[in-house]
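Listed here are the chains, written in short residue letters.
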Amino acid sequence: MKKFISHLIKFYLLPIGVVILFFRTPWSLFLNESKEIYDLVSKAISTDIKAKTILLGDSVCKQFYSETKNSDTYCLCENQSYEVPGNYLLLKGQIANNPDLKRVVLLINPVTLTSSLNQKYTYNYFMKPFSPLLGHLEHNDRSYLNTLYPKENILTYKFSNFKLPDSLTNQTDVGNLTISKLNMKYIKKMDSLCNVNNVEFVFKSPPLPSNMKKDVERFDMNSKKSLLDYFSSIMYYDSILSSDGIHHKDAPKYIMKNKKSLDNLINKS
Amino acid sequence: MLFNSIEFLLFLPTVFLLYWFVFAGSLRLQNVLILVSSYVFYGWWDYRFLLLIFLSTIVDYIIGQSIDSTESKASRRSLLYVSMIFNLGVLGFFKYFNFFIDSWVELLDSFGYKVEDTFTLQIILPVGISFYTFQTMSYTIDVYRRNLKPTKDFISFASFVSFFPQLVAGPIERATNLLPQILSKRQFNSGIAIQGLRLIVWGMFKKVVIADSLAPVVDNIFSNYHDLDGGTLFFGAIFFAFQIYCDFSGYSDIAIGVSKLFGFELMSNFKFPYFSRDIGEFWRRWHISLSTWFRDYLYIPVGGSRGGKWVSLRNIFVIFLVSGFWHGANWTFIIWGLIHALLYVPSFILSTNRRFVSSVVAEKNNIPSVRELWQMGSNFFFVTLAWVFFRSESTVMAWDYLKRIFLDFSYHISFKDYLFFYILPFVIVEWFLRKDERLSNVNKFVWLVLTLVFLVLIFAKFGTQQSFIYFQF
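Protein sequences, first through last, are from chains A and B. All residue numbers for the first sequence refer to the numbering used here, where the first residue is 575 and numbers rise by one. All residue numbers for the second sequence refer to the numbering used here, where the first residue is 36 and numbers rise by one.
To be clear, the hints were calculated from the coordinates, so they are not data collected in a lab. Remember, predicted model here, so these are calculated numbers, not experimental data. Positions of the beta carbon are idealized from the N, C-alpha and C atoms, including for glycine. It cannot be assumed that every hint is accurate.
Subject to a maximum C-alpha distance of 30 angstroms in a straight line, what follows is the list of computed BS3-like cross-link-like pairs (lysine-lysine) [stated by the list, open to error]:
#: 1; chain 1: A; residue 1: K584; chain 2: B; residue 2: K451
#: 2; chain 1: A; residue 1: K823; chain 2: A; residue 2: K763
#: 3; chain 1: A; residue 1: K584; chain 2: B; residue 2: K479
#: 4; chain 1: A; residue 1: K676; chain 2: B; residue 2: K479
#: 5; chain 1: B; residue 1: K451; chain 2: A; residue 2: K823
#: 6; chain 1: A; residue 1: K624; chain 2: A; residue 2: K759
#: 7; chain 1: A; residue 1: K624; chain 2: A; residue 2: K798
#: 8; chain 1: B; residue 1: K451; chain 2: A; residue 2: K577
#: 9; chain 1: A; residue 1: K702; chain 2: A; residue 2: K755
#: 10; chain 1: A; residue 1: K759; chain 2: A; residue 2: K609
#: 11; chain 1: A; residue 1: K762; chain 2: A; residue 2: K827
#: 12; chain 1: B; residue 1: K451; chain 2: A; residue 2: K576
#: 13; chain 1: B; residue 1: K470; chain 2: A; residue 2: K584
#: 14; chain 1: A; residue 1: K834; chain 2: B; residue 2: K220
#: 15; chain 1: A; residue 1: K609; chain 2: A; residue 2: K666
Derived Cβ-Cβ restraints for the label pairs, each shown as a range [said to hold, decoys possible]:
#: 16; chain 1: B; residue 1: G127; chain 2: A; residue 2: L722; range: 40 to 48 angstroms
#: 17; chain 1: A; residue 1: N769; chain 2: B; residue 2: L44; range: 19 to 27 angstroms
#: 18; chain 1: A; residue 1: S616; chain 2: B; residue 2: Y131; range: 37 to 45 angstroms
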């Protein structure tokens, strides 16, 4: 038995310890499907970005503006999974670390606004990479997240690509769509955070394929009324040019053809 | 309880410590612990079906004793029939009831008789029912054949029926192998236990890293097959071939490894089947415990190869069709069995079916010859095509899927990464292990490096616990 226990320690328990330590280092991120989000959070809380305008938003925003990285404008977008609260945390990081910041443009697809950090990949793309910043969320929102991702399961989730079950995250194709209270609250919080710090805040949708018109029409009146400018400024392009009903098939070509309107979208208040 | 769950991570060391440190002095207490642990393990999934296992245990325990106590041939045979009717009846009710009703209605429908009201039941299939009923049947048949003395020790017998490492997905153990081990004193053997740990890590790697990573891709391809090109569908079939292999053989490795920790030797269930050079060799390397079960308790009793070519051919079809049907109540499994029978028959007629009984491919070399490569490749190709039936929801879907592979083939292949990052490295590692399915000859430092890599990947991939595919059978 002694030989077995010594073998167990040397060949299994110690390697498990090494692996756990490895997962606490940045090198482990090469295995992580959400590596880009970790990088995004690091950038947001660093003092490296000196741009006056910061673009926050989803993968469509990234498609159209990722090349926009200069002294005036910097695109800090990755995907929609971290929703508005994630963008609020990125904004917090920038306000604390970028004294040149004058303008923030948030570009998010309207359908994303209906979720409440309960999407299939939220744990992987929000909970883990944003964990150092979660303390900046309101207490009741942290409690909500702790209920959704209970602490007793954290050992299971800790190293994993954990996904919420489909049953929790599936959206129906019929009926009204409503902006979730969580996202609405953090849009307002972003707005007031900018106001307090003399930063202009602009909230728009990135260009959408025309097939999404029917989804936009499904939003209830309350949602549309409370974000009137947002809904009225949506730009559409022919859905035939979309690869998956959300993203553009050939973004560089679209950018070349529509440079002016894309610039207008982020430059006009 | 799943092997790939946190609960099992706590359950296993607890039972291990109790078994070797608290109850080591008493064989009876160790067996009681095995029985209780096995019932906890199974009841964790659904405690209601413990009653079914218990009933099956009691019936076969009593029948085993009764067969042994009589010399009358007729009585012994009648008792055997009672056991068969009970076990197959339970299996038939829970697994096949709705299938027979639906098939009967479809048959009547094809003759023009419309049946408006059909009586089907909302039955939950108890996990592992096909495995433990076959295990208990082997006991009764062996007692009937006088290959085994029935045990009077009910606890030991119940432990044999419900032995938790292999209860829900095999290997389907023979009473002649496992029961004597349960009845005799076990000594802790470090070498065997260390081998067990290796198998657990290797099995976990196959399940969590390979099978569970391929699962969503396979689901995606099979559910959207009508929108995808033939190249992608062909690779979807290959991905499924590796998913099911890693899922099932991973379970078997963990089961064998866990058993070794408690001093038990289970039979091998897989021996690198995708390196087989013909279909006969494939079936000597794939789900060995089931194929040998059918050989010993079905093929040989119905005549085997003793009654001439035609009778043998009939028996081959019987065994493959029954084997297909064992997997589930769906025509897709039956056709899967039929395809394997058709693949096997030519080599049987040409008497080449036993060419590769004892050798391993490229036994004395590191790389296979061109001929061996061709044999393995062509065999894998046909096995993979047959998997399409196994994975499809209906025979219509399977035909359509296969048609698209051949009629709409293009070289545009999606999901290439899975081929290069999962399957190819896995095949290379398996190739070097191919003579040693128990991993007993791997150098310990090579194993340490492999363990580190496996653990990193297991931790990185450990996510929503995915059940094992064979739990449904």
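Do the hints match the structure? See the list:
1. Using a Cα cut-off of 30 angstroms, the hinted pair K584(A) and K451(B) is violated, with the two alpha carbons roughly 37 angstroms apart.
2. Restraint check for K823(A) and K763(A): the C-alpha separation of about 34 angstroms exceeds 30 angstroms, so the hint is violated.
3. A threshold of 30 angstroms between alpha carbons decides the hint, and for K584(A) with K479(B) the separation of about 11 angstroms falls inside it, so the pair holds.
4. At roughly 61 angstroms between alpha-carbon atoms, K676(A) and K479(B) are farther apart than 30 angstroms, so this suggested pair is violated.
5. Between the alpha carbons of K451(B) and K823(A) the distance comes to roughly 20 angstroms, so the proposed pair stays at or under 30 angstroms and holds.
6. Proposed proximity of K624(A) and K759(A) is supported: the alpha carbons are some 28 angstroms apart, at most 30 angstroms.
7. For a cut-off of 30 angstroms, the pair hint linking K624(A) to K798(A) is broken: about 35 angstroms separates their Cα positions.
8. Distance check on the hinted pair: K451(B) and K577(A) sit about 44 angstroms apart at the alpha-carbon level, beyond 30 angstroms; violated.
9. At roughly 23 angstroms between alpha-carbon atoms, K702(A) and K755(A) fall within 30 angstroms of each other, so this suggested pair holds.
10. In summary, the hint linking K759(A) to K609(A) is supported, as the alpha carbons are separated by about 28 angstroms, within the 30 angstroms threshold.
11. Restraint check for K762(A) and K827(A): not satisfied, since their Cα atoms lie roughly 35 angstroms apart, outside the 30 angstroms limit.
12. Using a Cα cut-off of 30 angstroms, the hinted pair K451(B) and K576(A) is violated, with the two alpha carbons roughly 47 angstroms apart.
13. Of the pairs offered as hints, the one joining K470(B) and K584(A) holds, with about 26 angstroms between alpha carbons and a cut-off of 30 angstroms not exceeded.
14. For the suggested pair K834(A) and K220(B), the alpha carbons sit about 84 angstroms apart, so the restraint of at most 30 angstroms is broken.
15. Simply put, K609(A) and K666(A) have alpha-carbon atoms about 21 angstroms apart, close enough for the 30 angstroms limit, and the pair holds.
16. Here the CB-CB span from G127(B) to L722(A) is close to 43 angstroms, well matched to the stated 40 to 48 angstroms.
17. Taken as a hint, the range 19 to 27 angstroms is violated for the pair N769(A) and L44(B), whose Cβ atoms sit roughly 50 angstroms apart.
18. A hinted range of 37 to 45 angstroms for the beta carbons of S616(A) and Y131(B) is inconsistent with their spacing of about 57 angstroms.
Of the numbered hints given earlier, the model fails hints 1, 2, 4, 7, 8, 11, 12, 14, 17 and 18; all others are met.
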